[in-house]
Every structure is written in structure tokens, then in C-alpha cells.
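Enquirer: Residue-level listing of the chains:
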Amino acid sequence: MNTLLQYLKPHKGAMILTVSVKFFATMMDLIIPSILAKIIDDAVPKNEPRLIYQWGAVMILCAVLSIISNIFANRNAAVTSGKITQKLRHDLFSRVSYLSAQQLDGLTQSSAVSRLTSDTYYINQFLNRTQRMGVRAPLLLIGGLIMTLTLDFRLTLVLVFTLPFISIIVYQITKKSIPIYRKQQRVLDDLIRVMQENIAGVRIIKALSKTQHEQERFDKVNVRLADTGQKARRISALSSPLTSVTLNLGLTLVILAGAYMVHQGLSTTGTIIAFLNYFTLISMAMMGITRIFIMFSRGLSSAGRVAEILQLPEDLKTIKQDHPLSTDKYLSFEEVSFSYSNIDDNLKDIHFSLARGETMGIIGATGSGKTTLINLMLRLYDANKGRIFIKGRDIKTMSTEDLRSSVGVVFQNDFIIAGTIRDNIRYYRDISDEHIWQAVQDAQAAPFIRETGEGLDYRVAQKGNNLSGGQKQRILIARALAGKPELLIFDDSSSALDYRTDAALRKALKKNYQDTTTIIIAQRVSSIMGTDHIMVLEDGRQIGYGRHEELLKSNPVYRDIASTQMGVEGGALID
Amino acid sequence: MTKPQNTAFKRSDTGQPILKTSRLILLKRMWKYLGHYRKLLMLAMLLLVLTNALSLVGPKLSGLAIDAIGIKKGQANFERVFLFSSLMAISYIGSAFFSYLLNRVTVKLTRNTTYKMRKDVFDKLVSLPVGFFDQHQAGDLISVLSYDVDTVNESLSTDFLQILNSVLTVTVSLVFMLTIQPLLVSIFAVTVPLTIIYTRWITKRTKPMFRRRSAKLGELNGFMEEMISGQKTTKVYGREDEVIREFDDINAQAVEAYTTSEYYGTMVGPSVNFINNMSLAVISVFGSLLFLAGRVGLGDISSFIQYSRKFSGPINETASILGELQSAFAAAERVFKLIDQKEEKPDAENAHRLNQVNGDVALQHINFSYLPGKPIIQNFNMHAKPGSLTAIVGQTGAGKTTLINLLMRFYDIDSGQILVDSQDIYHLTRESLRKAFTMVLQDSWLFYGTVFENIAYSKPNASKEEVENVARTAKMHSFITKLPKGYDTMIGDDGVPISKGQKQLLTIARAMLSDAPMLILDEATSNVDTQTERQIQAAMRELMAGRTAFVIAHRLSTIENADNILVMEDGNIVEQGQHAELMNKNGFYARLYKAQFEVS
Chain A
1 MNTLLQYLKP HKGAMILTVS VKFFATMMDL IIPSILAKII DDAVPKNEPR
51 LIYQWGAVMI LCAVLSIISN IFANRNAAVT SGKITQKLRH DLFSRVSYLS
101 AQQLDGLTQS SAVSRLTSDT YYINQFLNRT QRMGVRAPLL LIGGLIMTLT
151 LDFRLTLVLV FTLPFISIIV YQITKKSIPI YRKQQRVLDD LIRVMQENIA
201 GVRIIKALSK TQHEQERFDK VNVRLADTGQ KARRISALSS PLTSVTLNLG
251 LTLVILAGAY MVHQGLSTTG TIIAFLNYFT LISMAMMGIT RIFIMFSRGL
301 SSAGRVAEIL QLPEDLKTIK QDHPLSTDKY LSFEEVSFSY SNIDDNLKDI
351 HFSLARGETM GIIGATGSGK TTLINLMLRL YDANKGRIFI KGRDIKTMST
401 EDLRSSVGVV FQNDFIIAGT IRDNIRYYRD ISDEHIWQAV QDAQAAPFIR
451 ETGEGLDYRV AQKGNNLSGG QKQRILIARA LAGKPELLIF DDSSSALDYR
501 TDAALRKALK KNYQDTTTII IAQRVSSIMG TDHIMVLEDG RQIGYGRHEE
551 LLKSNPVYRD IASTQMGVEG GALID
Chain B
1 MTKPQNTAFK RSDTGQPILK TSRLILLKRM WKYLGHYRKL LMLAMLLLVL
51 TNALSLVGPK LSGLAIDAIG IKKGQANFER VFLFSSLMAI SYIGSAFFSY
101 LLNRVTVKLT RNTTYKMRKD VFDKLVSLPV GFFDQHQAGD LISVLSYDVD
151 TVNESLSTDF LQILNSVLTV TVSLVFMLTI QPLLVSIFAV TVPLTIIYTR
201 WITKRTKPMF RRRSAKLGEL NGFMEEMISG QKTTKVYGRE DEVIREFDDI
251 NAQAVEAYTT SEYYGTMVGP SVNFINNMSL AVISVFGSLL FLAGRVGLGD
301 ISSFIQYSRK FSGPINETAS ILGELQSAFA AAERVFKLID QKEEKPDAEN
351 AHRLNQVNGD VALQHINFSY LPGKPIIQNF NMHAKPGSLT AIVGQTGAGK
401 TTLINLLMRF YDIDSGQILV DSQDIYHLTR ESLRKAFTMV LQDSWLFYGT
451 VFENIAYSKP NASKEEVENV ARTAKMHSFI TKLPKGYDTM IGDDGVPISK
501 GQKQLLTIAR AMLSDAPMLI LDEATSNVDT QTERQIQAAM RELMAGRTAF
551 VIAHRLSTIE NADNILVMED GNIVEQGQHA ELMNKNGFYA RLYKAQFEVS
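One line per chain: the protein sequences are A and B, in this order.
The numbering of the first sequence is our numbering, which starts it at 1 and goes up by one.
The numbering of the second sequence is our numbering, which starts it at 1 and goes up by one.
Check before you lean on any hint, since a few could be wrong.
To be verified - With a straight-line cut-off of 16 Å between C-alpha atoms, the simulated EDC-like cross-links for lysine to aspartate or glutamate are: (1) A:Lys385 x A:Asp349; (2) A:Lys83 x B:Asp249; (3) A:Lys83 x B:Glu256; (4) B:Lys116 x A:Glu216; (5) A:Lys348 x A:Glu334; (6) B:Lys119 x B:Asp150; (7) B:Lys119 x A:Asp190.
Because the hints were derived from the structure by calculation, they are not lab data.
Could you build all of it, start to finish, from the sequences and the hints given here?
Expert: Encoded structure:
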């Protein structure tokens, strides 16, 4: 709530204007029925048509003023809420863009996305509508009550008498239905999951002829969803009949009481007729307030979710330079340990250094910490223990700009944007087409890019759906190469390439990127056997470090891997 | 040197699909869903009439009561006032009661039609050929099942009844007003057409604005989702500011589109309110004049004004419902488009079950194309003896999965014959054919369920021992027992997270459980790290023993031992034979093989 208020502050003037104009417009609406009472009680008994016309003209004047000010206020509200939302979304997106990887992990991507999309949308709606209806409905209610008070305060008491009943009804129904609606949302998630699973697993399901089984599984969730929805709606179904019957009974009471009062000369028939009119307005206002109530709670919960992100502290601060390492090495790890969860070490005592232009291969089982090593090197996470140096500087003392400006990376399952191939390779950097083509050549992507007929302008679909796995990987490699990096990192990024293309890629790297320090994570020994150093990882520990030939001799794990894949020593395994 | 181009990603306007199907046909099909529940529908209509009739009597009664009060002190006829007031109370209570019943019935109707439509969509979905899923995005299909189905059904029962309600209210109000004073009704001859013309005009003007608004919002959401998923990449290249700048652009457009549509859209409410106020003013003046002329009573004016409010209400509402119907129609079109998709061809009439399979597979003179006119496989022949190993190799995108698609009848061949144990597979039931295969695919598919359920998926009623045995063979047993609830641990996207390699191992265990005589391995080992792969290979040998196996593999060690190697390039099978043969041939395969050891 406080966060939202900060965003409202700069627009205080505009919002006050909207609300004031809205107030004026509502008052105009409210005056109209009382003029009717005036006509019936004053003009009619006097039998003066001129007076009737005069009052009629006043009514029309009120109507005109009401429409003009209402439209003005509504437009003002739309503009203001648009501006506020734009700023809020900008700040939120910027904040998310600069969150550390650890913070985003904690938040989860899908939650970040839904906060940016649906939550900001709800806030926009909430701001816009509250300025309009939020003012109008309570004003209609209060103004209507005041007007009826001026007409006849005793009759108003009859009306006020019904309000607590209505509040209780609305409150109880909302209280009961909200948790059920929330539950419905969760069941819908389940339904979508079953559907997703069926789409992803279509081949397996068909292969095993499990269609019927899946239909039954879906049916169970479908029934659950239908029933939960029914339950929630049934409760809501009570609200409108109950509210309207209460109000209408109040109305009947007004007529009864009114009859006595007119009979006694305490009130007039015109008053009662005007009363009935206000009654309609008031009951409409009541319905409006109920809706605002729902909108308000949703808007506030969205604002809360947005504020959570905005208030996250800055992570991974750059610390002051202490004593640089005097070394000629480009990259060094000194006894580095790290844990994601602070329970088990994901990496333990990693120690190595590479000179400029050297290459290193990393091999190891799934979950052995290969990707984690990269994450630390890029300072996506901070090591718990030990230090990492690039060109002799502790990376914690380098600005992220300094650290990452000379890096080219291809992550495992790296991401492709919907756009042209050029957009994908440039990735928002200033890189000329000439450089892009150079990178494309080296990444072995040139043939298929030319084949598209559109070259770099070829449009890649979302998530690269119109490209094969190998084509995607080559575009990503070109992206990494295009920036002429000093440090190049491939995390299992040639797995979809065939041996021939993989070999050609390695050749091109060797030839054109001699000064680039390269780190290759691979599953295939053939991808790394030519590197200057090979690190063998097991359970986060560095269990081997050396050249291919040395490791073949000294490291049993490495020898095993090599023999499995290439039939070296161990010979063929399948006979 | 070309200058770097700073153009932003161009995004196509993803507008709504244009309504092509005739409205009438859509309406008929939507109606069919309601038609299933004819009794409920009739009940709803009856309740609708009852609740409306009762609530519409109210103003008339209140008018009569006011007349009974009289205009001056001491004129009140209390007997009549009481009578009409109690009648009012009764009619309002009755109306509320029936209105609640009506709501209940509507809720039930919505529940039933939604359920039925979801079921229809899903049942259709599971009977669609695999090709459909290769061409359509999961997200699109999911939004049909969730949002579109909801939109249609929301509209189906509520809007339908609402329109009926409006028609009823308008007619009855009109009749009441006519009985009170036909002269006053003539005012509506001006205001009603005015309202209708105005609303139509404004909806027409704002329609493209609202469409643009949702398109822009979709674009913005798409961009945010995309960029958050690629946050790591953006960070590494330090491009946060550039991405934010592009975001600001799209954000500004989205907000602008929103404001523009609101700018005009929010005119409707005040304008309609204005027309109402004007009617009230005119009615007040003329009503009073008529009263002076002795043509109407005061109570009449009061009832008339109340009816006039009821009268203009539904007309405005109908205008807005017509707007909602637009989106319901669009949604219905998407739902029916999915329901109308062509299913997998049914089994041939004389199809018989494949029993007692030996696993002898022969392909004769096969021709196949994914797209008509673009042949992929031409006059291809091969033979796999029971228990033999056929390896499929080739570069990325060479079409290695094609053969699997044909064997499993995920896609149908254009001509030729595929024989299993000398029986044409097109004369077999799909189910029995597919059950003769067990499969491990590159993308490990697990669903949200226990480890046990996931493994036992390939064999209903598998015993605990059987499942544990295959888990042991796949070297997964000790891992599974270390999970929080062992074999009862929930896995899948929302379950306990497990690594890619472990997922792969679980699907391998699942495949092992099946006693199918033929095996398909689609690049199954490329996701698993090398040590684990070695263990798997050991298990695989066991799995392959006695089975006819078709393996897509990058691992040459696997291929070297194959009985037959199919070498694929650009979708075609360019060479086939054993490793030694192909090496001697010194062709494409030999080049491919040598590339592995070509370390620069």
C-alpha cells in the first residue's frame, strides 16, 4: 500500500481534480430527482406550467453538466492511471532485470512474469476504476442519503435501517467465496498441468495406448474444477437476490411510514416519490460498492506482490579493491567453494588458473557442478569461500560492466528471442553485420542461414521453434563469438551438433580466437580432448586436472568416460 | 562496413483471428451445448419469467399505494396502503426467491456446459495425430482449454438469459407504461433509438481501439516473459539497459493503447446516464402537465418513472452484452476449430490385433513426405531381423526421427508397405502395433505423480517388485529410496525436482518394464552424462537382448556394433549397411565417422 502511494504522489493534483470533478458530476445526478419532488410539491399544486418548465430546464442543465464533467473526469482518470502504471511497470521490469540470479531463483521465473503481467494489469484497472466508480458509488450512497435526509430525515432512518443487513450479507458472502475462488484457481492449474503433460508426452502416450487412461485422469480434474466453480458461484448467487430483497423491503417500509406521515401532514407525496427515486440510485450505488470491494482487495494484493520485488535489497555489491594478485594468468580460482542451499557444497575447493588464450575442458556427471562453476566465474552467484581472479583482480571488486563486457557465453538451453537472426546474434549490442557474418562463419551457421534465402533477416519464431536444435546452438555460438570476447564459455552447447560440424567449429575457434581464453563444458570427450587442460568434476570436487593423455593414464574416471565413448582401451561395449 | 542497425525487434501485431465462420453456424453449435440440458434450460426460463413478473409488479403496486396515500394531509386510505404494501413485500420476496433459484440453475447450466466443452476439447486432443502437436504451440492449446472455454460458457448461460431477461423487462415495462399513459411513452420513441444509435456508433469506433489494446498488452506480456526467461544471458552481456529501453517502448505503446481505448470507451456510461436524465426531465415536465390536465394521477407518474428506469436499463445492458458476445464468438470459433481438427485415421475395418510378435520388421518401397509435393523418403527398403540392432545416424536435422514416426504410425506413408512379422501394419490395429514397441525418447516425459506411477506407466498393474527390479537395473533404486518418500515421492514439474539425467533414467526404467518385442531409442543417451550413460548402456544391452531395436544415436560405439546402419542426410536415407562395409565405401558415413577423431 505504501509503495503504491509513492507512485500516486506525483499525480496528486490530477487525482484530486478527477475526484473533485467526479464529486460535482455526482451531485448533479443527485439533484435531479429532488427537482422532481420540487415540481410535484411546489409547481403542481400552484398550477403554474411556467414553473414546471423552469424546473424542467434546471433538470436538463444538471444533466448536461453531469455528462460533461463525468466524461472529463473519466478521461483524466484513464490518463493518470496509465501514467502511474507505466512508471510502475518500468520500475518493476528494471528491478527484475537487475535482480541477482539467486534472487530470481528465490522468486521463480513464473512468479516474476505473473507479477509483471497480471498484477500490474490489475493495479492499472484498480487505479482507473477506483478514481471513477470508487468516488461515484460512495458519493451516490452518501449523497443520496444526505438528499433523502434533507427531504425527510425520519424516512431516511427507515432506509438506513437496511444498510447494516446489506453490509453483513455482502461481507459474509465475500468472505466465504474468496477462498473457494482461490481454490478454483489452483484446480485450474492442475487442469492445465494435465493438458501440458499430454501435449508434451503425446508420443509416449500414444505408443503405450494410454489415451483412455489420460482421458480418465483429465476427467477427474475436470469434474473437480467444475464442482469447485459451481460451489463458489452458488455462494455468489445469493448476493444479488438477498441485497435487492432487503432494499426493496426497505422501500416498502418507506411507503408505509410515508403513508402515516403524509396522513398526519408531516410529509408530502412528492417527497415519497423522490425517495423512491433515490432508492434506486442508492441500491445501484450499493451494487457498485460491492464490486469495488472485490476490485480493491485484488488490486491491493497485486500491489503487495509488486512491492515485494521493488523492495528486494541490492545483491552482489561491488566491494572495494584490496590487494590485486600479481599474476600473468588470465583467470584463476583459489580454493573456491559454493552451495546454493547452504546445506551441501555444490562445489568444493576448486583451484586452477588459465593463461590468456588457453583452453580448458570440463567433464563430469550431471549434477557434478560444471554449470555452477560457470555461474561463479560470471558472478551470477558469489562464492561462499575462496576467491576468483580475472587478470589479477578479484571479481568481487570489478563492476559487472568490467567483468562481463569481454565475455561470450553459451548457456545450456540458452534462449532465443523472437526476432531476426541478426537480432539474436547482436543481442542489443552494437555489432556490425560484417562482424556478425564473421561469427556466423566461425560458428558453422553460415550455410543454413544462407539457405533461408533471407540471410540475417530470417525471422526466428518464439523460442526458436522454427529451428532445429543444432541450428539454435550455432546461432547461440555465433552470439557468443560476435562480441570478440576475451573469455569464451560453452556450457554443453554443441551437444546437438554432429561430429563433423563440432570438429569444424573447434578448428575455427583454434584458428580465429587464439587470444581468447576458452572454457568448454561437454559430455563428449571428443569435444574437449584437444584442450590445454581438462578438469574432471565429481560431486563438486575437482578429481582430475591435466591434459587428455595424462588423464587417460592417471585418472580412472576419465579413462572410463573415454573408453565408453570412443572404444579406447575398453573396446566396444555392445556386442 | 555496414552500420550496426539499431532497429528494435519488429513484432507482428498478433491481432485476434478474423471471424470467418458465419455467426449463425457458431450460434447453432453453441446452442447445441445448452440443448444437452434442455430440462434445466426450460426451468431457467420459467424462473426467469416468474422473477421478472414479480419484480415488475413492484412499481405498479407502489404507484397504487401512493395514490392511496393521496396528495394532502388526512387523505390516506390505510386499508389500501396496507394492501398494496404487503403485496409489494410479497412480490419482492417472491421475486428474490425465484431469482436465487434462477441463479442456482444458471450456475448448474454453466457447470455442465463448461465441463462438457472441456471434455470434448480434451477428448479431441488426445485423438489427434502426432503431427498436429508438431505444428501447434502448447500455450495456444492451453489457452483454448482454459480461457476460451470459460469465455464461451460464461456467455452461453449468463448472456443468453440476460438477453432474454432484457427482452422480457423491456416488453413488460412498455406494456405497463402504455397502460399508465401512452402519451408519455412517446418520449421513448426519441430516446431509445438515440441510445441505440449512439451505443452502436461508439462501439464501432472503439472496437479497433480495444482490439489494439489487447494486442499491445499481449505483445508486452510476451516480451516480459521472454526477457525474464533470458535474464542470465542479458546479464552476461550487460545489456540490461538496452532491454529496459526496448521494454519502455513497448510499455509506452501498451499504455497509450489502453488510454486511447479508455478515453472513448468511458464516454458510454456518462452518455447513457445523460440520456436517462434527459428522459426523466422530460417525463417530469410532461407528466406534471398531464397531471394538471387531469390525465394522470401522481402515483402514475411515480410508477412511470420507475418503469422508465427499468426500461432503459436493459437496453443499455444489451448493448454492452453484444460487446461481450463478440469476444464469446471469437472464443467459440477457436474452440470449435480445435474440435473440428481431423483425428487420426481410424483403424482399417478388417484390422486385426498383432499377437505373438517376433519382431521381424521390413520396409518395402516406402515413399513419404511431411508436406505434399516435398518427398522426404523415396523408394526405401530395409529389413530388420528379430533381435537385430538398426542404428540411424546423420547430422542434426537430417530427419532421423522420421523413420520412428512411420514405424509407430505417428505419420502415415504415402505408398509402399511396412511389415511386422510379414503383416502389413496398415491392416493392424494401431493399439496392438504400438504396444509391440517400447520407447525411450530424447525429451524425458514424466507426469505429476509418484515415482512408482511414472515407472509403472508402461505396464498397468505392475507389481512393486517388478518396478523395483527395473529401477535397480537402471541404477535408480538407491536414488529413489533416498527421496523423501521413496517410490511414493511426487515428481514432475510441480513435484520434487530431479535432474535431467535422473529423469532420463526413470524413462529408461519405464521402457524396461514393458515386455514389448521391439525397442525404439531416440537419441536417448545424449542427455545423460557419460558415467551414467555407461551404466545405462549396460542396462540397455539387457533391454535390447531379444528385442528388435531401432536406435538414433550420436555414439559411434553403439553404431559400430549395429547390424544395420541407416545414414541420413536432408531427410533421405543415403547409405545403409554395416560399419565395416560403409567405411570401405568411403562415402558420407566414413566422413561422418572420421570427423569424430578429427581433433584440430
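Enquirer: Against which earlier hints does the structure fall short, listed by number upward?
Expert: none
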